[in-house]
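Asks: Using the sequences and the hints, build the whole thing.
There are 4 protein chains.
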Amino acid sequence: MPTILGQNQYGKAENRVVKITRDGATHHIKDLNVSVALSGDMDDVHYSGSNANCLPTDTTKNTVYAFAKEYGIESAEQFGIHLARHFVTSQEPIHRARIRIEEYAWERIETSDANSKFIGADEVKHSFVRKGQETRLTQITFDGENWEIISGLKDLIVMNSTNSEFWGYVKDKYTTLQEAYDRILATQVSSRWRFNWTDDEQKMPNWEKSYEQVKKHMLQAFAETYSLSLQQTLYQMGARIINNRSEIDEVRFSLPNKHHFLVDLEPFGLKNDNEVYFAADRPYGLIEATILRDGCEARIPVDMTNL
Amino acid sequence: MPTILGQNQYGKAENRVVKITRDGATHHIKDLNVSVALSGDMDDVHYSGSNANCLPTDTTKNTVYAFAKEYGIESAEQFGIHLARHFVTSQEPIHRARIRIEEYAWERIETSDANSKFIGADEVKHSFVRKGQETRLTQITFDGENWEIISGLKDLIVMNSTNSEFWGYVKDKYTTLQEAYDRILATQVSSRWRFNWTDDEQKMPNWEKSYEQVKKHMLQAFAETYSLSLQQTLYQMGARIINNRSEIDEVRFSLPNKHHFLVDLEPFGLKNDNEVYFAADRPYGLIEATILRDGCEARIPVDMTNL
Amino acid sequence: MPTILGQNQYGKAENRVVKITRDGATHHIKDLNVSVALSGDMDDVHYSGSNANCLPTDTTKNTVYAFAKEYGIESAEQFGIHLARHFVTSQEPIHRARIRIEEYAWERIETSDANSKFIGADEVKHSFVRKGQETRLTQITFDGENWEIISGLKDLIVMNSTNSEFWGYVKDKYTTLQEAYDRILATQVSSRWRFNWTDDEQKMPNWEKSYEQVKKHMLQAFAETYSLSLQQTLYQMGARIINNRSEIDEVRFSLPNKHHFLVDLEPFGLKNDNEVYFAADRPYGLIEATILRDGCEARIPVDMTNL
Amino acid sequence: MPTILGQNQYGKAENRVVKITRDGATHHIKDLNVSVALSGDMDDVHYSGSNANCLPTDTTKNTVYAFAKEYGIESAEQFGIHLARHFVTSQEPIHRARIRIEEYAWERIETSDANSKFIGADEVKHSFVRKGQETRLTQITFDGENWEIISGLKDLIVMNSTNSEFWGYVKDKYTTLQEAYDRILATQVSSRWRFNWTDDEQKMPNWEKSYEQVKKHMLQAFAETYSLSLQQTLYQMGARIINNRSEIDEVRFSLPNKHHFLVDLEPFGLKNDNEVYFAADRPYGLIEATILRDGCEARIPVDMTNL
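Protein chains in written order, with the numbering used here: chain A, 56 to 362; chain B, 56 to 362; chain C, 56 to 362; chain D, 56 to 362.
Calculated directly from the structure, the hints in this document are not laboratory data.
No more than 25 Å apart at the CA atoms, straight line, and that leaves these computed lysine-lysine pairs for PhoX-like:
1) A:LYS270 to B:LYS186
2) A:LYS74 to B:LYS313
3) A:LYS124 to D:LYS226
4) A:LYS326 to B:LYS124
5) D:LYS85 to D:LYS180
6) A:LYS209 to B:LYS313
7) A:LYS264 to B:LYS186
8) C:LYS226 to B:LYS124
9) D:LYS326 to C:LYS124
10) B:LYS326 to A:LYS74
11) A:LYS85 to B:LYS271
12) B:LYS209 to A:LYS313
13) D:LYS209 to C:LYS313
14) C:LYS180 to D:LYS270
15) B:LYS186 to A:LYS85
16) B:LYS74 to A:LYS313
17) A:LYS180 to B:LYS326
18) A:LYS186 to B:LYS85
19) D:LYS186 to C:LYS180
20) A:LYS226 to C:LYS326
21) C:LYS186 to D:LYS313
22) D:LYS209 to D:LYS313
23) A:LYS313 to B:LYS180
24) B:LYS228 to C:LYS124
25) A:LYS270 to A:LYS85
26) A:LYS326 to C:LYS228
Replies: If you want it as structure tokens, here you go:
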């Protein structure tokens, strides 16, 4: 046979599971989108169509919903760890499981004192509105021995309306850009960070607290960096996370430079004193980099922050 | 000529304007997407291609940016009123202007005490993160005499995890649905509301405060209604707005019923006690209705909430 | 009660139905997305949550699939007519049904002579690739007596690389646009056309042939019009349809002017002789109009072409 | 410093360039979306914000448009090769360039004999309609010595309405799927293939012909394979390409199993003889694999087909 099979994986993608936990009248939500990818001894299914080693993708979907009941959803990371361990340890032909999860955050709707009387309760505790800011992400990979946990977020849009410059760059025959000494810096953050928790013997991080802290440090570093380039701001965002969160060894960012161009109002006899901007769609600068704890290996794939 | 021209309008759509207002070191943002549509004496441009009455769409774009400087952006509604008045009163062939605006909300990034020292200031007041919840909307129409202001929102996702039933419905030969006595009720609100402010002699509403209050009443009515149908909840949401906000005479909703189906876990020997749900995409129930202040005329177009 | 219910409708939206018809080894596909909206005596469901008059949206979904079997899908229009008639005539409280359908076109995959021998047949007749050009649309409305059939298409992207000018327009203080004597004209057509078939006594149009012919005339008019404005091209597209298709009385277009800006290459010592263009996203001119057969009434809603 | 910089790249993404070539009255279009990513000696821009080695992303954009004039666009691959070579050879700090290109295909609008007389020409040769089927892709990488060319496509939707089975799979405690002996097999192909052209000394492939042939073989293999699993069909699609196109050593696919579920019509007294299907959105099986020419190394990244 002149052709051979290389890397392959399969599973059910985008299983939308919502878990309600009832603590008396107070309800709690976890809202996830779970994608399963399994690898192993799958040559025959590709070469001959024999499915003898193939656990159906439909079964992987059922497992997601069953596990939401059996284990609950304490965090996306913990839920993915349960799933990955199950597939690798329960099916001999499966050697590796990768679970990707998106999580959507909700907050409670605050109800009025006046109206709450109509429903005979002090407060409504089962009503929610989706926060709608960033989407939280995690990827859990297990090969039967070691864990790799890469969490992250996407679609977090941030802007500094000042404290950003860009000058002193290379000028070749195609360069027309004017240097900028006070510009808007805006981006839509896509980021992934890798935990140094890799086996069951280690103490597991507090996944929920870690996420909150990483997001906080990322936002603060963005706000507090006086920027000479988006690359510099990116580096500060990553370094701030590594320096403050000992559970994390690597961070990668993909930061589109969401250009805000100062509109030329002179034809209309008006002066634009850094007030009126055109927010452009395409093209956009795209700045991507990995920041590592010194001595650690880079393992987050280059394209992963663009998914 | 066997064919004639009917309703027509033109203009520049989706002008993305960001306005920064600097109050010392404290900056404020308004972030809008403005679409202009003009009508009037435009037969010749259609019949013969004569552009003698045609103000270029490019000019309408320039006007949006120039007005952001000249008038500032106090609110989307006020900004649209300036624009609509200008086009109708400054160009004789233009008899009617319709301005549609989307607004994206931002909140401040809270910075740390520790790090703020590095930047030599008590606090950073120029850094923002997009809230990302709903998109605020408004449509301003002016014909030279009267105003019609229809504001609204879209993509506000809400959920009640209990206090929703659905039973007692018609059953025909194609009915297989089981009655439900405790279900999740979730929807992605698209809503528009019409103000009774119609001419310059009236006192203008406080557009910013009105929006906040309408959103609050809408969310509270959703949370506090014990629901026997999404139609009933919709009506309560509209009635609550009309009853609490005297500046509004009409509300329309388009509410997709974002189905959350209880997963059947019995094949796996598990009981699903209203805990684990599959969040479905398509198809979805779609419930749409207008609620009016008694005696008022309906003017919000049926399709407007689906745009 | 100070608030009252206005226009309202409900039903299941986006029922994705694929119908395979087997003519021996030769298969045929119809691939539709069907949305049902019903109106009638529905006050109580809104006011009190009584569902006594409410046929569940789930039942309307079931009916779509059952009818695909019972009636087949000869055309989207014919299928919608079966559905609308059923809902209005079978349920007393339902007075009006509106069926919206999107249709996706497929073409056959041409198979090779050489390989077809492996499968023991002259040709494979059950393999398809989605054409992917425009999406075909129809809306069927029935009130128990009269029919209104509005068909259309969206996302048909067209371009003329010459034979377009734009000059002689109004110039006010915000006008900076340079006149153009040879520009690219490109748009993404969204169109709806209304048939004059309104009751069962009339001979029904050939819906499939009508669609093909309308699309052909629309494209040819776009190509063959020497354009002095997009408005003029739009009018010619509509007039060509009305003049050639006696079954149609009204056409409406929403045509975004997909700007292609000539790139200034002079800073690089290059001349751009109408060769290199930047295809812009936003903002865009948006030109919308209705063309009517003389003497006919306009009935296509203004916003319908933007859905 | 406890943190260090890892892999990084930057450039202008999504430069939309349209090139018109005029061959007398006959025009030709190339319509591309070009993204530039440059790497090299960029530590200082990240660490200190010094831009001394940084060619602005704006300059990379200008270069795209200038090169469309200077070199024309013979094919996406050839155009990307010109760009990548330029950045690496003209700027000392840039050691590696990666150019990603999307290409949109257009076809001519056929004009009518009758109407063409009005415009005084035999035929219109400057009018186009976008084909709208798949999006063609390429990625060109150059490090100053070697080339890596990975081309591909996405969003090509295909369906077999028969000749697909799925049975004989693993059954664990979470398995409820029924075996299928005649099902619809449908997918939305995302594929990338790597050329064995790696240096300037080799004869360059005919990029345009190669693309057409690869697409043809991919479609034919999909149509002609009697499928026992989507994995088997995927393998046949890849093997057919490798076996027929000597310029290609590696192919990777990401194939979502676009489920078409047979609708249960028995509650309505109807038999569904493989006729009426519900086309589901989420979740979906996702099957991904690489097929290699025996002896060749795999180099297409796992995530690249999901971008």
